[in-house]
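Here's the letter readout for the chains.
Protein chains: 2
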Amino acid sequence: MAPVCPGQGALMPSDTIRWVGDENGHAELIDQTRLPLECEYITCRTIERMWEAIRVLSIRGAPALGIAAAMGLVLGIKDSRAETSAGLLEDIQKQKQYLETSRPTAVNLFWALERMERVARENRHLPVAALRRRLLDEALAMQEEDRRICRAIGKNGAELLHHGDCVLTHCNAGALATADYGTALAVVYRANEEGKRVSVIAGETRPLLQGARLTAWELKESAIPVTLICDNMAARVMHEKRVDAVVVGADRIASNGDTANKIGTYGLSVLAMWHRVPFYVAAPISTFDMQAADGDAIPIEQRGREEVACWGGHTVAPPEVDVYNPAFDITPAGNITAIITEKGVASAPDRAKMASLHAGPDSSQNNTKTSQ
Amino acid sequence: MAPVCPGQGALMPSDTIRWVGDENGHAELIDQTRLPLECEYITCRTIERMWEAIRVLSIRGAPALGIAAAMGLVLGIKDSRAETSAGLLEDIQKQKQYLETSRPTAVNLFWALERMERVARENRHLPVAALRRRLLDEALAMQEEDRRICRAIGKNGAELLHHGDCVLTHCNAGALATADYGTALAVVYRANEEGKRVSVIAGETRPLLQGARLTAWELKESAIPVTLICDNMAARVMHEKRVDAVVVGADRIASNGDTANKIGTYGLSVLAMWHRVPFYVAAPISTFDMQAADGDAIPIEQRGREEVACWGGHTVAPPEVDVYNPAFDITPAGNITAIITEKGVASAPDRAKMASLHAGPDSSQNNTKTSQ
Chain A
1 MAPVCPGQGA
11 LMPSDTIRWV
21 GDENGHAELI
31 DQTRLPLECE
41 YITCRTIERM
51 WEAIRVLSIR
61 GAPALGIAAA
71 MGLVLGIKDS
81 RAETSAGLLE
91 DIQKQKQYLE
101 TSRPTAVNLF
111 WALERMERVA
121 RENRHLPVAA
131 LRRRLLDEAL
141 AMQEEDRRIC
151 RAIGKNGAEL
161 LHHGDCVLTH
171 CNAGALATAD
181 YGTALAVVYR
191 ANEEGKRVSV
201 IAGETRPLLQ
211 GARLTAWELK
221 ESAIPVTLIC
231 DNMAARVMHE
241 KRVDAVVVGA
251 DRIASNGDTA
261 NKIGTYGLSV
271 LAMWHRVPFY
281 VAAPISTFDM
291 QAADGDAIPI
301 EQRGREEVAC
311 WGGHTVAPPE
321 VDVYNPAFDI
331 TPAGNITAII
341 TEKGVASAPD
351 RAKMASLHAG
361 PDSSQNNTKT
371 SQ
Chain B
1 MAPVCPGQGA
11 LMPSDTIRWV
21 GDENGHAELI
31 DQTRLPLECE
41 YITCRTIERM
51 WEAIRVLSIR
61 GAPALGIAAA
71 MGLVLGIKDS
81 RAETSAGLLE
91 DIQKQKQYLE
101 TSRPTAVNLF
111 WALERMERVA
121 RENRHLPVAA
131 LRRRLLDEAL
141 AMQEEDRRIC
151 RAIGKNGAEL
161 LHHGDCVLTH
171 CNAGALATAD
181 YGTALAVVYR
191 ANEEGKRVSV
201 IAGETRPLLQ
211 GARLTAWELK
221 ESAIPVTLIC
231 DNMAARVMHE
241 KRVDAVVVGA
251 DRIASNGDTA
261 NKIGTYGLSV
271 LAMWHRVPFY
281 VAAPISTFDM
291 QAADGDAIPI
301 EQRGREEVAC
311 WGGHTVAPPE
321 VDVYNPAFDI
331 TPAGNITAII
341 TEKGVASAPD
351 RAKMASLHAG
361 PDSSQNNTKT
371 SQ
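Residue numbers (our numbering), protein chains in the order written: chain A, 1 to 372; chain B, 1 to 372.
In short, the hints are calculated from the structure, not lab data.
Worth double-checking, as some hints may not be accurate.
Identical copies look the same in the list; a pair holds intra-copy or inter-copy alike.
Unchecked claim - Below, in silico cross-link-like pairs of lysine to aspartate or glutamate (EDC-like), each with a Cα-Cα straight-line distance of 20 Å or less:
{"#": "1", "residue 1": "Lys78", "residue 2": "Glu28"}
{"#": "2", "residue 1": "Lys96", "residue 2": "Glu159"}
{"#": "3", "residue 1": "Lys196", "residue 2": "Glu28"}
{"#": "4", "residue 1": "Lys241", "residue 2": "Asp296"}
{"#": "5", "residue 1": "Lys78", "residue 2": "Asp165"}
{"#": "6", "residue 1": "Lys241", "residue 2": "Glu301"}
{"#": "7", "residue 1": "Lys78", "residue 2": "Asp294"}
{"#": "8", "residue 1": "Lys196", "residue 2": "Glu38"}
{"#": "9", "residue 1": "Lys241", "residue 2": "Asp137"}
{"#": "10", "residue 1": "Lys241", "residue 2": "Glu306"}
{"#": "11", "residue 1": "Lys94", "residue 2": "Asp22"}
{"#": "12", "residue 1": "Lys78", "residue 2": "Glu100"}
{"#": "13", "residue 1": "Lys78", "residue 2": "Asp22"}
{"#": "14", "residue 1": "Lys241", "residue 2": "Asp294"}
{"#": "15", "residue 1": "Lys241", "residue 2": "Asp322"}
{"#": "16", "residue 1": "Lys94", "residue 2": "Asp362"}
{"#": "17", "residue 1": "Lys78", "residue 2": "Asp322"}
{"#": "18", "residue 1": "Lys196", "residue 2": "Asp165"}
As the structure is a prediction and not an experimental result, all values here were calculated from the model.
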């Protein structure tokens with residue numbers, strides 16, 4: 001059964017999540033739980049529907065979650081009876097708290113909601129209607145910023161790839177995780193826009209199969225050659241010299257360059273070093289955690305046994321067998337060839353280069369690249 | 001739902017496959033396709049039923065397949081109308097060819113059938129009834145040999161483990177793959193018999209999940225502590241110093257020590273080297289292929305896309321996405337700390353040590369160990 005997304009072929013920048021209409025409008029988002037077999041949009045007309053969409057992973061990926069939360073907040077004050085902006089601010093705080101209960105571990109969700117609340121406070125002098133409009137504008141601005149960041153990451157990263165390269169990636173750091181064409185996959189999309197004909201090997205990414213379900217799907221939609229493998233085949237395909245570079249996203253990057261990303265990333269970094277394949281992390285500066293001295297300061301979320309022990313309603317392991325299911329791992333900076341951001345590229349990242357990149361100018365605005 | 005095997009607790013040596021009665025009897029085997037949720041025996045009264053059981057992987061694992069094929073041949077001549085041993089020999093050759101069509105890649109299956117045919121030829125002077133009895137005896141002898149080999153591998157390997165060690169294993173090289181308690185898992189079982197309290201981390205082993213379905217199940221049945229992980233978590237658990245040794249089986253070992261085993265094994269060997277964890281291969285001498293100069297001479301079976309793209313009737317990848325699905329990989333001898341066999345242990349295996357071990361006396365007979 002073929003995907004049924006409107007506008008097949010290249011994924012449009014606004015496909016993953018989009019706002020329709022003015023501040024009284026609604027949000028639409030691809031229901032990622034139904035991919036790859038069906039590509040259908042969910043219409044979110046209420047904050048409750050957006051809460052549910054986030055909760056059940058209809059939308060996921062750190063940047064996309066921030067935008068979803070911001071739009072959810074706009075939905076949450078659509079029917080506010082507040083007659084003053086002070087009253088609306090109270091509603092905003094209530095709805096913010098509600099949205100924060102949707103997925104407690106998604107950092108961008110909290111960050112986006114904080115930003116929305118700050119904007120509301122800063123604009124409390126506005127009449128209620130204007131303030132609601134201002135907040136929708138902020139949500140749309142976040143989406144626009146994320147687009148620009150994706151494009152800049154893609155541009156900076158594509159310079160590292162060569163014509164005909166094959167990129168191995170893990171999980172989904174693509175269009176479905178952002179407002180535009182992703183972080184890790186932005187590098188691939190951009191290289192192909194430049195005519196470099198870069199193909200992809202996608203690790204399926206157990207336990208939740210984001211590589212199989214999402215990355216393979218969006219690349220196929222974009223007509224970029226993609227081959228799916230099980231995660232444990234990565235070493236073999238590297239040995240067979242099928243991989244020219246590994247490019248992955250990041251959930252959090254410590255101030256020394258140690259990188260938290262989907263479980264399995266660290267192993268890939270070791271295999272890449274072993275086979276002398278460059279290993280790139282592509283992520284926005286917003287994932288830099290300059291408070292974290294190194295990877296040890298990043299907590300690793302442990303998830304439930306069912307993700308590993310069950311599959312599509314089938315039990316694939318003995319009842320009550322112990323399962324260890326860390327959702328992330330830490331790739332030490334020493335295993336990373338370069339970190340690709342919207343502000344430039346840090347080769348052989350260390351504390352000094354991270355600080356310099358973090359403090360540096362945003363090349364996504366002016367297209368200059370700070371190569372270090 | 002708890003497993004319902006008769007004789008819960010330690011898996012009995014004859015549980016995986018057993019013969020009931022005389023040469024007019026039948027075979028019984030655990031239906032491994034229904035594990036781990038149900039442990040039920042299939043009764044094979046005809047060669048056709050055994051063929052089917054092999055074909056659909058109700059029984060798998062190289063040593064177990066050899067025994068199943070031999071027993072299948074005994075079933076195939078049960079109702080022979082041959083009145084002379086020459087006539088019976090013709091029937092045997094016909095049934096042998098039929099069984100060979102069940103799983104074309106299982107080397108032990110061919111080896112066992114060749115051996116049965118040779119025994120039949122060597123004993124063609126016997127009356128028909130006695131020859132049929134002789135062939136059953138040969139099948140039972142193979143089973144007995146395999147038991148002795150498993151025990152010797154276990155004994156030789158257990159010496160390499162320490163009290164409280166945690167062993168990471170991949171796929172299933174245990175009781176369900178052999179006539180006794182396995183090859184890689186024999187080492188674990190034996191160490192525990194010696195009171196060493198060795199626990200196991202089982203990689204689930206995508207795509208067919210033998211680690212989750214079979215290894216986790218048989219270890220739990222045997223009350224050996226086991227924790228299930230996704231294959232891509234191996235690097236993380238090694239980094240966390242949860243693994244004291246990796247022990248895996250083998251499908252074929254080249255004359256220089258390069259080892260073919262389930263896809264994912266090679267990656268584990270690289271990760272083990274990186275984390276300075278010893279990496280052991282446990283396998284019978286019958287897996288040595290002294291004709292193969294090195295791993296490059298071992299063909300890698302490519303399997304169908306459905307194993308990766310579908311699960312339990314669910315499609316988990318976009319329709320028609322390319323899939324690369326090698327069933328095995330090659331671990332270079334240089335990554336292997338030691339190869340454990342029934343004849344002894346080859347540490348830092350190379351061509352000379354492999355030849356010496358291959359030609360050496362069988363310590364499973366007299367319990368002496370050729371440590372090299």
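(message) To test your reading of the hints: which numbers does this structure violate?
(response) Result: hints 2, 3, 5, 7, 8, 9, 10, 11, 16 and 17 break, sorted rising.
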